[in-house]
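Q: Take a look at the letters that make up each chain.
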Amino acid sequence: MLPRLLKRSFLNQKKAMIIMVVAVAVGTAVAASLLTVATEISSKVAVELRAFGANILVEPRLEGLAGVSGQARYLEESDLKKIKTVFWRHNILGFAPFLDGLVEMRSGENVRPVQAVGTWFEQKLQLPGEESAFVAGIVSVAPWWSIEGAWASHADSVVVGSALATELNLHVGDSVNLEGRAFQVSGLLTTGDREDEQVFMELATLQGLLGGEGRISRVQVSALTTPMDDFAYKNPKTMTRTEYEKWYCTGYVTSIAKQVEEVMTGSRARPVWNVAETEGKVLEKLRLAIYLLSVMALIASAIGVGTTMVTSLLRRVEEVGLMKALGADSMGIITLFLSEAVLIGVFGGTVGLLLSLWISKQVGLLVFGTELNQKALLFPLSMGVSLIIAILGALLPIARALHIKPAVVLKGVE
Amino acid sequence: MYVTFIKISDLEKHYASAMALRGVNLEIAAQEWVSIVGASGSGKSTLLNIVGGLDVPSKGCVRMNGTDLCGLSEDALARFRRQNIGYIFQQSHLVPYLSATENVMLAQYFHSLPDEKEAEEALVRVGLGHRLHHRPSQLSGGEQQRVCIARALINSPKLLLADEPTGNLDRENTRVVLELLKKIHEAEHFTIILVTHDPFVADWASRLVKMEDGRVVSDTRNR
Numbered sequence: 001m002l003p004r005l006l007k008r009s010f011l012n013q014k015k016a017m018i019i020m021v022v023a024v025a026v027g028t029a030v031a032a033s034l035l036t037v038a039t040e041i042s043s044k045v046a047v048e049l050r051a052f053g054a055n056i057l058v059e060p061r062l063e064g065l066a067g068v069s070g071q072a073r074y075l076e077e078s079d080l081k082k083i084k085t086v087f088w089r090h091n092i093l094g095f096a097p098f099l100d101g102l103v104e105m106r107s108g109e110n111v112r113p114v115q116a117v118g119t120w121f122e123q124k125l126q127l128p129g130e131e132s133a134f135v136a137g138i139v140s141v142a143p144w145w146s147i148e149g150a151w152a153s154h155a156d157s158v159v160v161g162s163a164l165a166t167e168l169n170l171h172v173g174d175s176v177n178l179e180g181r182a183f184q185v186s187g188l189l190t191t192g193d194r195e196d197e198q199v200f201m202e203l204a205t206l207q208g209l210l211g212g213e214g215r216i217s218r219v220q221v222s223a224l225t226t227p228m229d230d231f232a233y234k235n236p237k238t239m240t241r242t243e244y245e246k247w248y249c250t251g252y253v254t255s256i257a258k259q260v261e262e263v264m265t266g267s268r269a270r271p272v273w274n275v276a277e278t279e280g281k282v283l284e285k286l287r288l289a290i291y292l293l294s295v296m297a298l299i300a301s302a303i304g305v306g307t308t309m310v311t312s313l314l315r316r317v318e319e320v321g322l323m324k325a326l327g328a329d330s331m332g333i334i335t336l337f338l339s340e341a342v343l344i345g346v347f348g349g350t351v352g353l354l355l356s357l358w359i360s361k362q363v364g365l366l367v368f369g370t371e372l373n374q375k376a377l378l379f380p381l382s383m384g385v386s387l388i389i390a391i392l393g394a395l396l397p398i399a400r401a402l403h404i405k406p407a408v409v410l411k412g413v414e
Numbered sequence: 415m416y417v418t419f420i421k422i423s424d425l426e427k428h429y430a431s432a433m434a435l436r437g438v439n440l441e442i443a444a445q446e447w448v449s450i451v452g453a454s455g456s457g458k459s460t461l462l463n464i465v466g467g468l469d470v471p472s473k474g475c476v477r478m479n480g481t482d483l484c485g486l487s488e489d490a491l492a493r494f495r496r497q498n499i500g501y502i503f504q505q506s507h508l509v510p511y512l513s514a515t516e517n518v519m520l521a522q523y524f525h526s527l528p529d530e531k532e533a534e535e536a537l538v539r540v541g542l543g544h545r546l547h548h549r550p551s552q553l554s555g556g557e558q559q560r561v562c563i564a565r566a567l568i569n570s571p572k573l574l575l576a577d578e579p580t581g582n583l584d585r586e587n588t589r590v591v592l593e594l595l596k597k598i599h600e601a602e603h604f605t606i607i608l609v610t611h612d613p614f615v616a617d618w619a620s621r622l623v624k625m626e627d628g629r630v631v632s633d634t635r636n637r
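Residue numbers (the working numbering), protein chains in the order written: chain H, 1 to 414; chain Z, 415 to 637.
It is worth saying that the hints were derived from the structure and are not from the lab. Quantities reported herein were computed from a predicted structural model and do not represent experimental measurements. Please note: incorrect hints may appear among the correct ones.
[To be verified] Straight-line alpha carbon distances no greater than 30 Å define the calculated DSBU-like cross-link-like pairs of lysine-lysine that follow: (1) H:Lys81 to Z:Lys473; (2) H:Lys234 to Z:Lys572; (3) Z:Lys597 to H:Lys411; (4) H:Lys411 to Z:Lys624; (5) H:Lys411 to Z:Lys572; (6) Z:Lys624 to H:Lys405; (7) H:Lys405 to Z:Lys473; (8) Z:Lys421 to H:Lys405; (9) Z:Lys572 to H:Lys246.
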């Protein structure tokens, strides 16, 4: 009888039902799309934020007297590939090794010592188990570095910092002499920082010039991370075993740094806090804003449904009074109205799902340039949200229906 | 043998500005047909609503078949109503978007399980076999009241409460409805309390209770 009652009731108040289904559908589409965006925003925005530079710096660990005496320590180049073997290896988006050294530069009549940096500009690494090559080097950790000309693509070319090039009147294609060896300037580098006064060359080239094969001074690592929370700031040394496992298996910048440190012999890896913390705060605020917008969409929609349902109830007061006179108790009335709400939720949710598929696709394309991946989430999310909207909307009408007095609404004329 | 089915004791009902019942005492036997008559505002409908559990008294109590209605919660009263009482109102109060059969099934739904065949038989019994699938708006006033009789009696109640059941009908339809009620009452032996201000309708009862200003002023056996 309930299905028949619901069917007749729906057909009897088509206009109100359509309004409620539309209200649920719109609320569902907006809330579900926003929530889907929120679930993906971490990865999407984190990738965008990675353009701001590496967030982990790996340096040689200075222990004992080494730190005091200023004795140079190096990391092993052969350990670099191991960075892509850590637990959070898929979150490592890029890394670049650097070897620093002073070299004598001769350009025309000018002879002066300059800071030389050996690095990987764009190094393709074939990693075990991976189909495509992983691109490491400066392009992966500092994509905003501006190059006029080209990166040094072979052993006889260098990239000169723009400030140094101006000072020495060097241009792309010019020749310079470093440590008695001739190099061609392939590009001029502008970063707005100390790099503008340095000379960059292939890592192996500088290792050869300095006589330190396989040595590197530091590594910059760019990793996708989970925003830092209170737990992430705990000292791992004071954690219980369970806490430590949770920390280690969460993609905090600190735990990823720890894992990198473990695979790089004699290293100390630390987060670049200004980058890591900014990322975390931006993501957190963005997500909070999206959640608030979702809740607002949900409430607005529920109010729409509730208002329409109350209006509809006002036309059905006599019907509810009659049902009570026939013996409907609170549960009977709640069942009837809740069933109507659930049906409205299911219809609205279905329409809302189709709408949210379109909206989330558009948001993905418009904001991130790619579609969002969380389509599987949309169905349960849409249905869940639509049911919440419809049930929230039904609460007030149900409360009012329960207070209807049959003796009053069915009163005859004496 | 006289068996008290309903016992009303010292019943009072106060509203903010008026007193609808002022100490009503009444006993009604099982299977009796009682007409409660009185002018408008005499308290007869209020009394009917309290006996039927649709309203609660300010003071006093109603016992029906051993159950003290005044001690029951709203939900318990609803459950008591569906098990024991059938209603016929002055306005038919049929659900407009349901057919005649579905309106009868609605009472079955709240009582136990709807049975379409049984609902149709009940309508055939009140002479509406040809109107089973008609909506209330497609039925005459007399036919609507007959659907209400079928709905009120579908769950075999022990008590039928009728509040001006023919108030909106002409004399001919009034007679049809009352004859139908009488026929079913004789066959099924339930108790009827019928509120009316029409002497013609009141005369069909075996007992006449007259109310004035919230009190019972006379209680007579009908000849």
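Q: Failing hints, ascending?
A: Per hint list: 1, 2, 9 violated.
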